[in-house]
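Protein chains: 2
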Amino acid sequence: MKTSVNDLFFGRYKELVRTGMIPYQWKVLNDDIDIKIEKERNDASIPSEKSHAIENFRIAAGRTKGEHYGWVFQDSDVYKWLEAAAYTLKNHPDDELKKITDEMVDLIADAQEQSGYLNTYFTIMEPDHKYKRLGESHELYCAGHFIEAAVAYHKVTGSKKVLDIAVKLADHIDSVFGPEEGKIHGCDGHEEVEIGLMRLYHLTGCERYMKLAEYFLLQRGQDPDFFKRQFREDTGKPAIEGLYNAPLTYFQIHAPILEQDSAEGHAVRLVYMCTALADIAASTGNKELEAVCRRIWRNIVDKRMYITGGIGSTVNGESFTLDYDLPNDTMYCETCASIGLIFFARQMLRLSAEGEFGDVMERALYNTALAGMALDGKHFFYVNPLEVVPEKSEKDPTKSHVKIVRPDWLGCACCPPNLARLLASVEDYIYTDKGDTVLVNLFIKSGMEKEYKGGTLSIDIDADYPRDGKISFTINNTGAAGAKVGIRIPGWSENTRAKVNEVKADITAECGYWYIETGSGETVVTLELDMAPGRWYANPFVSEDVDKVSVMRGPQVFCVEGIDNGDNLHLLSLPRTSELEFQWHDELLEGVGVIEADGIRREVSEERALYRKSGNDGAEPVKIRMIPYYAWANRGRNEMRVWLHEKV
Amino acid sequence: MKTSVNDLFFGRYKELVRTGMIPYQWKVLNDDIDIKIEKERNDASIPSEKSHAIENFRIAAGRTKGEHYGWVFQDSDVYKWLEAAAYTLKNHPDDELKKITDEMVDLIADAQEQSGYLNTYFTIMEPDHKYKRLGESHELYCAGHFIEAAVAYHKVTGSKKVLDIAVKLADHIDSVFGPEEGKIHGCDGHEEVEIGLMRLYHLTGCERYMKLAEYFLLQRGQDPDFFKRQFREDTGKPAIEGLYNAPLTYFQIHAPILEQDSAEGHAVRLVYMCTALADIAASTGNKELEAVCRRIWRNIVDKRMYITGGIGSTVNGESFTLDYDLPNDTMYCETCASIGLIFFARQMLRLSAEGEFGDVMERALYNTALAGMALDGKHFFYVNPLEVVPEKSEKDPTKSHVKIVRPDWLGCACCPPNLARLLASVEDYIYTDKGDTVLVNLFIKSGMEKEYKGGTLSIDIDADYPRDGKISFTINNTGAAGAKVGIRIPGWSENTRAKVNEVKADITAECGYWYIETGSGETVVTLELDMAPGRWYANPFVSEDVDKVSVMRGPQVFCVEGIDNGDNLHLLSLPRTSELEFQWHDELLEGVGVIEADGIRREVSEERALYRKSGNDGAEPVKIRMIPYYAWANRGRNEMRVWLHEKV
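In order, the protein sequences belong to chains W and G.
Under the numbering used here, the first residue of the first sequence is numbered 1, with each subsequent residue one higher.
Under the numbering used here, the first residue of the second sequence is numbered 1, with each subsequent residue one higher.
Watch out, some of these pointers could steer you wrong.
Identical copies go unnamed one by one, so any copy, or any two together, can satisfy a pair.
Distance condition first, Cα-Cα at most 20 Å in a straight line; then the derived EDC-like pairs of lysine to aspartate or glutamate [claimed, not checked]:
1) 303 to 617
2) 613 to 544
3) 228 to 43
4) 183 to 106
5) 130 to 241
6) 613 to 530
7) 647 to 617
8) 50 to 34
9) 65 to 126
10) 647 to 544
11) 484 to 449
12) 50 to 32
13) 613 to 356
14) 303 to 603
15) 303 to 567
16) 613 to 596
17) 484 to 522
18) 613 to 579
19) 27 to 103
20) 303 to 394
21) 613 to 646
22) 39 to 207
23) 303 to 606
Derived from the structure by calculation, the hints contain no laboratory data.
Kindly generate the complete structure, drawing on both the sequences and the hints.
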């Protein structure tokens with residue numbers, strides 16, 4: 001399946017990755033730019049002087065002398081960047097960039113040990129403690145990211161060298177870990193190697209890699225004391241101070257994976273785990289693994305996900321907490337966690353064509369993932385709140401993780417290159433190739449072409465989405481007998497209209513997908529999604545959102561900002577009856593839709609007693625102005641809020 | 001002024017102190033009881049194996065060998081206990097207890113160094129580092145608590161020995177600290193010694209102690225780098241890990257004290273500072289100091305105090321945050337902070353007869369202070385939330401400081417003995433002797449007698465408060481010409497009725513006090529306070545309480561508990577129009593008033609989508625049952641909530 005994107009909305013992002021993010025991040029990783037790196041939360045132990053990520057490779061490769069600097073997983077920043085660069089090269093061949101990436105591959109090759117082992121921290125700092133502190137070491141995590149990058153880079157450039165490193169690394173890991181006697185019976189504290197191994201399996205067809213990925217997953221929770229035992233027995237120094245004290249749920253080792261039925265612990269780890277699980281389930285038809293994925297998916301989507309597609313309700317352990325616990329101002333909602341949720345959804349679509357998987361993918365993508373980056377592509381959030389009062393973040397250290405504006409870079413820089421690789425490869429999420437059927441999950445202006453039964457099926461999507469809800473799909477079938485196209489009918493669109501070849505058609509969606517039988521020749525399907533702005537309400541079990549309303553239009557959650565509405569946004573109420581008026585503003589925030597509505601602002605005064613018997617405070621009519629959530633915090637320090645009080 | 005208490009409500013508490021708390025705490029301090037000591041928050045460094053407080057004295061006195069255990073301020077637990085015991089002995093002479101306390105005084109005398117220095121931690125562990133780490137050392141803090149205890153014990157028992165230790169200690173401190181060359185120009189990280197020195201001044205009339213107290217206070221903020229400089233220069237080991245990183249506000253050293261105008265930093269420190277400031281201002285007429293007290297008071301009462309009289313909005317630094325930032329579920333509201341607010345209010349009443357000082361004192365006393373202890377007198381809260389969902393405290397470490405039920409004892413045990421000394425001396429808060437006038441601040445059944453101008457003024461209060469709002473004051477004046485009685489008319493009582501000598505009288509309150517001119521002989525004043533349960537509303541600047549209502553009756557804040565109302569208390573709404581019915585229940589919670597009202601409970605279901613377009617969830621009528629806040633968490637693990645959603 002070949003794909004290409006020429007979308008207005010994501011086209012801008014893809015250009016931003018190519019012309020902005022890739023060069024910017026390369027400079028950051030090389031410590032070649034004067035920026036302020038911020039700690040992602042109030043913790044003295046966070047390394048935030050510089051990135052040093054490339055220098056770590058130079059040292060490990062023996063090209064320079066020095067100590068490793070940064071997180072134990074600093075290598076992964078480079079791998080994710082390399083992966084993003086690969087996707088960029090696919091659509092935009094660029095000799096200059098290719099020279100840089102090829103040299104980076106050379107450097108990685110030099111940093112790889114003879115055995116195949118690859119991790120600059122342990123090679124430089126703790127060569128005698130490899131795989132001895134797996135709970136915190138991120139060795140396999142980094143390996144997974146390298147393998148992902150290598151597969152991507154190989155596919156685009158044909159580089160044999162990068163694939164050799166990956167295979168040598170994977171084979172090395174396979175020789176060290178596994179159920180066999182003499183091997184380590186363990187897994188990494190942070191899931192990711194499983195994703196990498198599955199990608200290597202898909203590329204090479206070598207089942208050994210899938211088996212190893214499955215082994216790592218099934219190993220979780222089999223020996224819950226494993227990490228702590230390693231910590232106790234190893235004499236090396238901690239790679240991450242304090243991780244030793246994390247609860248078992250943090251690592252998803254509190255129960256054997258087949259018995260897990262809720263989203264627990266570190267949110268990114270959980271969704272990475274599920275991504276690999278679903279991939280294996282889809283690749284093998286393993287129903288037990290599929291059942292785990294479905295249980296955890298249901299728990300996330302029904303009880304533990306913010307309306308923005310954010311996940312992780314607490315900064316402590318960047319973790320899930322409990323059902324319906326979704327505080328709007330202290331949560332984590334890490335950018336990477338929503339990216340991971342998108343990965344998970346993509347694999348679930350391979351498992352089963354269900355519109356909800358696409359709905360959630362779209363929700364996480366258009367809201368939290370995009371909010372993770374400023375419109376300039378050079379400033380990043382780690383944490384994506386649904387409510388910010390700047391002074392609270394500044395004066396209450398328990399909210400210090402809730403940044404008010406996006407920093408240039410973060411001490412833990414997992415999110416920026418993760419976002420780069422996601423955006424650079426967004427076409428991989430638009431379409432799901434299910435053999436006879438191609439699913440269209442996202443409404444991004446793009447093209448797809450695949451060979452099927454000796455013929456060719458192609459789809460051209462024309463859209464100006466999410467600005468406009470009218471989308472046309474030009475489907476051409478040249479001899480691909482029986483090929484079908486499944487178009488996602490979003491759950492949020494209540495009144496979707498459709499035409500097939502200019503004739504009004506009834507949409508008969510099965511599980512959220514409308515299947516178009518494609519005869520020989522061209523079929524043109526047009527959808528008109530219901531893009532009227534609407535009010536959304538949380539299940540009342542969510543205590544934080546009782547009597548509150550949020551506004552969405554299409555897949556986009558909207559929010560109010562202080563710059564448009566004045567401070568003390570909690571004083572605003574949106575009456576249930578007031579009209580939500582949408583208008584496009586080309587000049588604003590790189591082009592953005594604004595929703596306005598008649599609202600009420602309570603009148604307050606510092607003169608009024610802090611507590612008094614009368615609850616009759618005055619109120620004045622105001623115009624409430626909302627912008628899409630992804631675009632918030634691009635106009636300086638100010639308040640923001642997604643959930644508004646509602647006057648019924 | 002002689003006072004006595006024979007109140008039903010506080011009488012029970014005073015008996016509990018005498019028969020329960022004093023013996024229980026003595027056993028705890030001696031490690032002579034099998035209890036579970038809990039860390040007050042999720043912090044591995046908190047010592048919670050045992051108290052060891054008495055043993056520390058034995059070691060310092062050279063009677064046994066060993067190491068100091070516990071917080072660097074562990075001594076203060078013993079001092080506060082001794083102070084509570086002294087008050088108890090005043091009303092209930094008890095040879096057995098007196099023997100124990102005398103022996104404790106002997107032990108303290110033995111632990112005191114030749115120089116007058118007294119602190120078991122430094123004597124045992126770091127004898128070469130005295131006064132070299134004042135930001136964290138609590139040496140002067142502990143000294144202050146000892147002096148307070150000594151003054152109390154001396155007044156009750158006439159013990160010369162205890163006073164000698166105190167004078168020797170105070171003189172020693174005076175010789176070490178002060179503006180003179182060669183002395184240390186610094187103060188303690190935790191205000192308290194100033195309160196002790198003022199009490200010693202009041203007892204002895206020696207102005208040197210007041211001058212020293214004033215010096216310590218005025219020194220704050222003069223040399224903001226002082227603590228950090230000491231930390232850097234001293235070679236001893238940290239007494240409290242990490243305190244070095246606390247912001248200047250934590251210690252109230254961010255600005256010279258005369259320039260401070262808001263309540264900043266660690267809440268207990270702030271109110272202890274203000275207590276001493278107000279005491280000096282009242283004792284000297286210093287208007288500059290009074291102005292500081294008034295500014296900070298206004299800031300607390302108008303913008304930073306919970307309706308329960310709790311203060312300290314964040315666990316991080318147990319601190320104030322910013323105006324109107326009063327989260328109900330993550331706050332600190334330390335018991336000691338409300339006790340300190342009561343101390344502060346008491347000194348403000350010495351400065352000026354203003355009803356608000358009495359109102360706040362009563363609010364803090366009847367709500368947060370009493371909530372700090374279980375009805376059995378043997379379990380204690382450090383943190384007093386306004387909203388608890390047990391699973392959130394259990395599963396989100398950022399709420400681990402919010403305990404669900406009161407532990408037996410706490411790693412940092414400042415609150416239990418602080419509460420003991422407050423309750424044992426509650427009579428000192430009922431009356432304020434202002435020379436020609438005696439203020440009656442609290443409506444506690446009690447008696448007062450004072451000599452004035454060669455005559456005697458006595459007041460007998462008869463009350464069954466807060467159960468009943470009818471209070472009678474029998475005032476006898478025998479030759480105390482011109483003596484007046486000022487009775488506080490609570491700000492919350494909207495329709496107070498009164499009689500003087502059985503004749504209906506108009507209340508003409510000045511600044512919240514109604515002054516009764518007492519001729520020769522008996523005057524009987526009866527008040528009937530408005531005890532109708534009422535709805536209270538927070539200033540809408542408090543974002544957490546928008547569209548919410550709390551219920552009070554008299555001085556008591558009420559709350560709902562899960563045991564009476566089912567879980568998910570956030571689903572309850574109290575309509576503005578429903579009647580609040582009060583009924584007394586002798587059998588419940590040692591006798592308690594219950595308020596019932598017709599309310600609404602939203603119907604919810606796990607089947608309902610987490611987010612959907614309809615906000616019309618069902619609701620069913622329910623009876624909402626409220627109990628006084630102080631009595632919550634006495635019936636096991638369950639939810640609790642003070643602020644209810646309101647249906648207007």
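Numbered hints the structure breaks, given as an ascending list: Violated hints (numbers, rising): 4 and 22; every other hint is consistent with the structure.
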